[in-house]
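Engineer: Chains as they are written, first to last, in our numbering: chain A, 1 to 139; chain B, 1001 to 1139; chain C, 2001 to 2139; chain D, 3001 to 3139.
FYI, nobody ran anything at the bench for these hints, they're computed from the structure.
For every residue, glycine included, the Cβ atom is placed at its ideal position computed from N, Cα and C.
Watch out, some of these pointers could steer you wrong.
Computed from the model, here is a short list of chain D residues facing chain A with C-beta under 8 Å [unchecked claim]:
(1) Gly3042
(2) Ala3044
(3) Ser3046
(4) Met3048
If you want the footprint, here are the derived chain A segments under chain D, 3+ residues with CB under 8 Å [claimed, not checked]:
(5) 25-33
(6) 79-90
Protein chains: 4
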Amino acid sequence: MLKTEAFIRIRYGEVDQMGFLYYGNYALMYEVARAEMIRDSGYAYSQMEKDGTVMPVVKMNAKFLKPARYDELIKVETTILELLAHPFITFHHKIFNEAGDLIHKADVTLTFYNPLTEKRVPMPERLRKLLEPYFIDAP
Amino acid sequence: MLKTEAFIRIRYGEVDQMGFLYYGNYALMYEVARAEMIRDSGYAYSQMEKDGTVMPVVKMNAKFLKPARYDELIKVETTILELLAHPFITFHHKIFNEAGDLIHKADVTLTFYNPLTEKRVPMPERLRKLLEPYFIDAP
Amino acid sequence: MLKTEAFIRIRYGEVDQMGFLYYGNYALMYEVARAEMIRDSGYAYSQMEKDGTVMPVVKMNAKFLKPARYDELIKVETTILELLAHPFITFHHKIFNEAGDLIHKADVTLTFYNPLTEKRVPMPERLRKLLEPYFIDAP
Amino acid sequence: MLKTEAFIRIRYGEVDQMGFLYYGNYALMYEVARAEMIRDSGYAYSQMEKDGTVMPVVKMNAKFLKPARYDELIKVETTILELLAHPFITFHHKIFNEAGDLIHKADVTLTFYNPLTEKRVPMPERLRKLLEPYFIDAP
């Protein structure tokens, strides 16, 4: 299991006239959290794209429990539960507001994709090697 | 059952560097489609807000089957399957590209909410009366 | 001189908690207006990109006179005053609200650019030929 | 004179299919930079709004010198040159990429506004007192 935390401050342009983070903008929060997680592993996603693999989202399930508001510093807790052999990876996100309340949950599944061949590919070897140590169970 | 179609052209600022509609921006497409559906009923959502009821999203499930690309005129097919007594409403969206391929599916559940009392409320009577005729089964 | 009108409805996700179209989102309105103008000429910008020329913005000046609000159907009046020999083109935008008030003015200058050579290029011949008739002065 | 620096990482959802930060999204960068500057003064903008003063943008001039790209950590240098008696304030922004190149310049003028009276107001006293020390010239 791999678990990280990212802290993100909500911008004015991301909030709607209810004063809530617009529901479509949570996707930016997941993106920042998973990009930081992948960067922390030692292989930034931006480099992975230069190396020829992109990661389109294929599935997203989200529950909005409480609103996030302008200027709040939210915490995005991100977990990968398992490394799978097939070309998909799922990030589980829990978002907490400054008061510590769980305000949002989402599971986002991405695939690995080669834009030249237009085919799905396995996770790049370089990323797999960096992530594997987190998924080895103690005997 | 109530079913409508909205046609939306993908903007440059909505597409990412893969050349795909950014996954968070599908939320704008659902929003346009359900706002047009509600407007067509005779009671625009903007008026409902002025009358004191807002509609925050509480749940969203989405499947990304194929990418939508810059400048494509997508079709968003939106269905409400049932009018329920509790303060939730679910919109089912299917998105088709210009070639007619089903590229995306999403279910978005919203609640009715009074921002002054900070409580969920039933669907406004005015909207319910406008929508009900679509849900009366023939004998 | 070439002059067109585009009508755009303001989305919920584009408005901030003041209830105003977020100041950064006017860029989307200019984009829609100039893309429709170019498409109307007979050569869509999306096709121009496929043909190898992109158009990055190099300068933008904007005045915000009155707010645009959620659900308003704004009118974006767009004018090109002259076709120049150098690789720049300026679009002049005036935005009107539903009441007919002038609410916004902006001048946006773009350049023509070849992403492969990473150099500025003149306006593509195909676009020039389509636009030229609008700029021939009567004797 | 007051001068601050903010560092912001470009998100995937903010970049267009040229691979450049979308021209409308620079507005988010200015917003983050000026919000941090105001917060650093000791009076967060979010608090100012709760106290009854909002700050709509009235003018924006921008020059795009070089593109900003996905995942770059840009530096936004922000300067206020003078505190004026009238209800306007101008922020001067210079943006640098990771290589240290100046890639963007913008001047953004905002006004102070009371949404209840719908009138422009002077800078709130509390903010003025916090900013004034930066603008006292040595004799």
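Engineer: Each hint needs a verdict: does it hold in this structure or not?
Structural biologist: Outcome of the hint check:
1. With a cut of 8 Å, the hint placing Gly3042/D at the interface with chain A is violated, because the nearest CB-to-CB distance is about 15 Å.
2. Residue-level restraint check for Ala3044/D holds (minimum Cβ-Cβ distance to chain A is 6 Å; threshold 8 Å).
3. Taking 8 Å as the C-beta contact cut-off toward chain A, the hint placing Ser3046/D at the interface holds, the least distance being around 4 Å.
4. Restraint check, Met3048/D versus chain A: the minimum CB separation of about 11 Å is more than 8 Å; hint violated.
5. Three residues within the 8 Å Cβ limit are the bar, and the stretch 25-33 of chain A against chain D gives 4, so the coverage statement holds.
6. For the stretch 79-90 of chain A, the stated coverage by chain D is not satisfied: 0 residues place a CB nearer than 8 Å to a CB of that chain, which falls below the threshold of 3.
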